[in-house]
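Okay, here's what each chain looks like letter by letter:
Number of protein chains: 2
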Amino acid sequence: MPELDLSVDVVDLTADLVNIASESLHEADIADAVERSLSVLPHLTVRRDGHTLVAATSLGRSERVVIAGHLDTVPENGNLPARLEGDTLWGLGTCDMKGGVAVALKLAAELNAPVRDVTYVFYEAEEIAAEHNGLGRIAREHPEWLEGDFAILMEPSNAGVEAGCQGTMRVEIRTTGERSHSARSWMGSNAIHKLAPALATLDRYVAREVEIDGLVYREGLNAVGVRGGVSGNVIPDDAVLTVNFRFAPDRSENEALAHLREVFEGFDLIVTDSAPGALPGLDRPAAAAFVEAVGGQVGPKFGWTDVAKFTLLGIPAVNYGPGDPSFAHKADEHVRVAEVRSVHERLTRWLTS
Amino acid sequence: MPELDLSVDVVDLTADLVNIASESLHEADIADAVERSLSVLPHLTVRRDGHTLVAATSLGRSERVVIAGHLDTVPENGNLPARLEGDTLWGLGTCDMKGGVAVALKLAAELNAPVRDVTYVFYEAEEIAAEHNGLGRIAREHPEWLEGDFAILMEPSNAGVEAGCQGTMRVEIRTTGERSHSARSWMGSNAIHKLAPALATLDRYVAREVEIDGLVYREGLNAVGVRGGVSGNVIPDDAVLTVNFRFAPDRSENEALAHLREVFEGFDLIVTDSAPGALPGLDRPAAAAFVEAVGGQVGPKFGWTDVAKFTLLGIPAVNYGPGDPSFAHKADEHVRVAEVRSVHERLTRWLTS
Numbered sequence: 001m002p003e004l005d006l007s008v009d010v011v012d013l014t015a016d017l018v019n020i021a022s023e024s025l026h027e028a029d030i031a032d033a034v035e036r037s038l039s040v041l042p043h044l045t046v047r048r049d050g051h052t053l054v055a056a057t058s059l060g061r062s063e064r065v066v067i068a069g070h071l072d073t074v075p076e077n078g079n080l081p082a083r084l085e086g087d088t089l090w091g092l093g094t095c096d097m098k099g100g101v102a103v104a105l106k107l108a109a110e111l112n113a114p115v116r117d118v119t120y121v122f123y124e125a126e127e128i129a130a131e132h133n134g135l136g137r138i139a140r141e142h143p144e145w146l147e148g149d150f151a152i153l154m155e156p157s158n159a160g161v162e163a164g165c166q167g168t169m170r171v172e173i174r175t176t177g178e179r180s181h182s183a184r185s186w187m188g189s190n191a192i193h194k195l196a197p198a199l200a201t202l203d204r205y206v207a208r209e210v211e212i213d214g215l216v217y218r219e220g221l222n223a224v225g226v227r228g229g230v231s232g233n234v235i236p237d238d239a240v241l242t243v244n245f246r247f248a249p250d251r252s253e254n255e256a257l258a259h260l261r262e263v264f265e266g267f268d269l270i271v272t273d274s275a276p277g278a279l280p281g282l283d284r285p286a287a288a289a290f291v292e293a294v295g296g297q298v299g300p301k302f303g304w305t306d307v308a309k310f311t312l313l314g315i316p317a318v319n320y321g322p323g324d325p326s327f328a329h330k331a332d333e334h335v336r337v338a339e340v341r342s343v344h345e346r347l348t349r350w351l352t353s
Numbered sequence: 001m002p003e004l005d006l007s008v009d010v011v012d013l014t015a016d017l018v019n020i021a022s023e024s025l026h027e028a029d030i031a032d033a034v035e036r037s038l039s040v041l042p043h044l045t046v047r048r049d050g051h052t053l054v055a056a057t058s059l060g061r062s063e064r065v066v067i068a069g070h071l072d073t074v075p076e077n078g079n080l081p082a083r084l085e086g087d088t089l090w091g092l093g094t095c096d097m098k099g100g101v102a103v104a105l106k107l108a109a110e111l112n113a114p115v116r117d118v119t120y121v122f123y124e125a126e127e128i129a130a131e132h133n134g135l136g137r138i139a140r141e142h143p144e145w146l147e148g149d150f151a152i153l154m155e156p157s158n159a160g161v162e163a164g165c166q167g168t169m170r171v172e173i174r175t176t177g178e179r180s181h182s183a184r185s186w187m188g189s190n191a192i193h194k195l196a197p198a199l200a201t202l203d204r205y206v207a208r209e210v211e212i213d214g215l216v217y218r219e220g221l222n223a224v225g226v227r228g229g230v231s232g233n234v235i236p237d238d239a240v241l242t243v244n245f246r247f248a249p250d251r252s253e254n255e256a257l258a259h260l261r262e263v264f265e266g267f268d269l270i271v272t273d274s275a276p277g278a279l280p281g282l283d284r285p286a287a288a289a290f291v292e293a294v295g296g297q298v299g300p301k302f303g304w305t306d307v308a309k310f311t312l313l314g315i316p317a318v319n320y321g322p323g324d325p326s327f328a329h330k331a332d333e334h335v336r337v338a339e340v341r342s343v344h345e346r347l348t349r350w351l352t353s
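The listed protein sequences correspond, in order, to chains G and L. Read left to right, the first sequence gives residues 1 to 353 (the UniProt record's numbering). Read left to right, the second sequence gives residues 1 to 353 (the UniProt record's numbering).
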């Protein structure tokens, strides 16, 4: 049973978190370890729902901040365990987002009297279909646990503030045909061949770039899965292409789907997963005050993040965490040690002065 | 443990065989039942290798005929158990090729003194990659078990004689890319998108028809499988399209591969399975004599069949069996009762007069 010692250095704690494997839907070990490490802290009230933990101070401060991070990772890609090399920590989840989780855990352990009340959220299943998302479940079933004036989602943002986020939608393009023996293929109809125009569309698609509040968002339309085939001798009667559309926050989910229907005209689309984007919201006072306190440049968030969930709850939210998001989900995922320390120090300063 | 009673009517025996499920690589039950039913017949010497059985008379006749059929089927497709409706028997394997196997088993049981010595072969794993094929293994490891002057492969041929067979080759077209988070797809490279030109090629491919010895062969080039994808958030770095080429017997395997390399120029092809075609060989005396004795029209065999294996052993061979091969591997697979009876009667007459 893995244990976490929150008194170690924040970079060591990141490595310790990385070394507790936690692919989506397999977060029991890491959630147990986080729960045990938080439950001994007298200044926090810890709640658990599934493999999602919510720990809060109750100091009666005039403002409450929510600091959130997900515990899960994408599947391993030959990049475990964590490996520290000079100024860089390598490994699955170092960037997305155990560096941010380590910072949040350090803040939770060290700050027993922050100047703002803080609610720390450590949640499950962010990397897979939205229905599994732990933060989403809490927002639906225990919205009072998430009450606050401002939220910081510690997704990797190069230790700078990233505002808004793009939406994401997954659709299945399903073709059907008729099975026959492949030696007499003219008796059947090949479902895989029927995917050809959809793949050609994807291959030549030019994604849009759009400027909102001075930030340039960049969309993407990609196949993330394809499958079909019965056996080596049979003309396949069924094939499925799964497409992921990442759309800028000026499109609603309905508009995003309308665009996909236009792009894939003639195909049936089945939406299997959808989450709206979030507009940057830099005009809101709480967001502007935070940005000024921690300093640094503000950029657009390309990835979908759960800031959209806070937006839907009416809570201003930004992304702010260590790590270059370009390396998320890649074999050479890593985080710079200096960014982990910088985010830790700036948040500590903001919460103590 | 299923048992077979070879004294029942040949159509009932077909149904009994259908009702012993025997998808490729799962032939133990049916091979055991066939072995038990043959081993009680005093006029036969029964040999077994894996799930392949060879039963032979030893009457010292001047001519020996090999009669062969495979015991396996493609995967179930909602078409079990067997169902007799009027003049038609429906179900998986009725056509390909338990009708033929039933005829061969009836001949084996009934003819204790045929005018030609007969070697009956019931073999495993014909419907999958050639490496598993039971007849191929016997031809390599015990070629003396297959000695004969003429071979009849009881693959479905509408109860007519079908000559030669087309070759078959399976290749994998593998594309590679680079993983990245799908929210920043421009950091990666999508292996599934790279399959687009190959699928387009398949979709527009026009298959050749060619006349040989007066018979028109018809080729086919088809995707039989496609897979790719890591998870819903990841640009995939690997995709595989499996293609099956059915080629007329005027092309060698090398020529078939050269054609595929030309058609899929720019892609790497990996051959995973290959079997040569067989020229019709209607000019050979043994083939001509059989055709004359059983009567009926002679047509080309589109499917690959193991007549090619006999051709390689220097034994003239034809396809002759009940069932319309157009319905092989289809959900509505069936055999006409009259064809099962007709093949049974004609072979009985040929072997007894």
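One or more of the hints may lead you astray.
[Stated by the list, open to error] Partial list, computed: chain G residues near chain L (C-beta under 7 Å):
| id | residue |
| --- | --- |
| 1 | Val74 |
| 2 | Asn112 |
| 3 | Arg116 |
| 4 | Ala183 |
| 5 | Asp203 |
| 6 | Gly228 |
| 7 | Val234 |
| 8 | Arg246 |
| 9 | Val298 |
| 10 | Gly299 |
| 11 | Gly303 |
| 12 | Lys330 |
| 13 | His334 |
[What the hints assert, rightly or not] Derived DEER-like restraints, expressed as beta-carbon distance ranges:
| id | chain 1 | residue 1 | chain 2 | residue 2 | range |
| --- | --- | --- | --- | --- | --- |
| 14 | L | Gly50 | G | Val206 | 52 to 58 Å |
| 15 | L | Arg83 | G | Arg208 | 32 to 38 Å |
| 16 | G | Ala200 | L | Asp149 | 26 to 32 Å |
[Said to hold, decoys possible] Covered by chain L, per the in silico footprint, the following chain G stretches (three or more residues, Cβ under 8 Å):
| id | segment |
| --- | --- |
| 17 | 119-130 |
| 18 | 184-191 |
Just so you know, the hints here were simulated from the structure itself, not pulled from any lab data. Keep in mind that this is a model prediction, so the values were computed, not measured. All C-beta atoms, glycine included, are put in the ideal place defined by N, C-alpha and C.
(message) The hint names G:Gly303 as touching chain L; please verify it with the least Cβ-Cβ distance against 7 Å.
(response) holds, 3 Å
(message) Let's test the interface hint: is any C-beta of chain L closer than 7 Å to that of G:Asn112?
(response) violated, 36 Å
(request) For the range 26 to 32 Å, tell me whether the beta carbons of G:Ala200 and L:Asp149 fit it or not. (result) The hint (26 to 32 Å, Cβ to Cβ) is violated, given that G:Ala200 and L:Asp149 are roughly 55 Å apart.
(message) Under 7 Å is the threshold here; is the Cβ of G:Val234 close enough to any Cβ of chain L for the hint to stand?
(response) holds, 5 Å
(message) The hint says 32 to 38 Å between L:Arg83 and G:Arg208; measuring C-beta to C-beta, is that right?
(response) violated, 56 Å
(message) Just to be sure I understand the hint, the distance between the Cβ atoms of L:Gly50 and G:Val206 should be within 52 to 58 Å; is that true here?
(response) The hinted range 52 to 58 Å holds for L:Gly50 and G:Val206, with Cβ atoms some 56 Å apart.
(request) Grab the minimum C-beta distance from G:Arg246 to chain L and call the hint holds if it beats 7 Å, violated otherwise. (result) holds, 5 Å
(message) A closest beta-carbon separation below 7 Å is what the hint needs, so does G:Val74 meet it against chain L?
(response) holds, 6 Å
(request) Answer holds if the nearest beta-carbon of chain L is closer than 7 Å to that of G:Ala183; otherwise answer violated. (result) holds, 3 Å
(request) May I ask you to test the interface hint for G:Lys330 with respect to chain L, counting a Cβ-Cβ separation under 7 Å as satisfied? (result) holds, 6 Å
(request) Using 7 Å as the Cβ threshold, decide whether G:His334 counts as touching chain L. (result) For G:His334, the interface hint is violated, since the closest Cβ of chain L sits about 14 Å away, which is over 7 Å.
(request) Verify the interface restraint on G:Gly299: the C-beta must sit less than 7 Å from at least one C-beta of chain L. (result) violated, 13 Å
When the structure is compared with the earlier hints, violations turn up for hints 2, 3, 9, 10, 13, 15, 16 and for no others.
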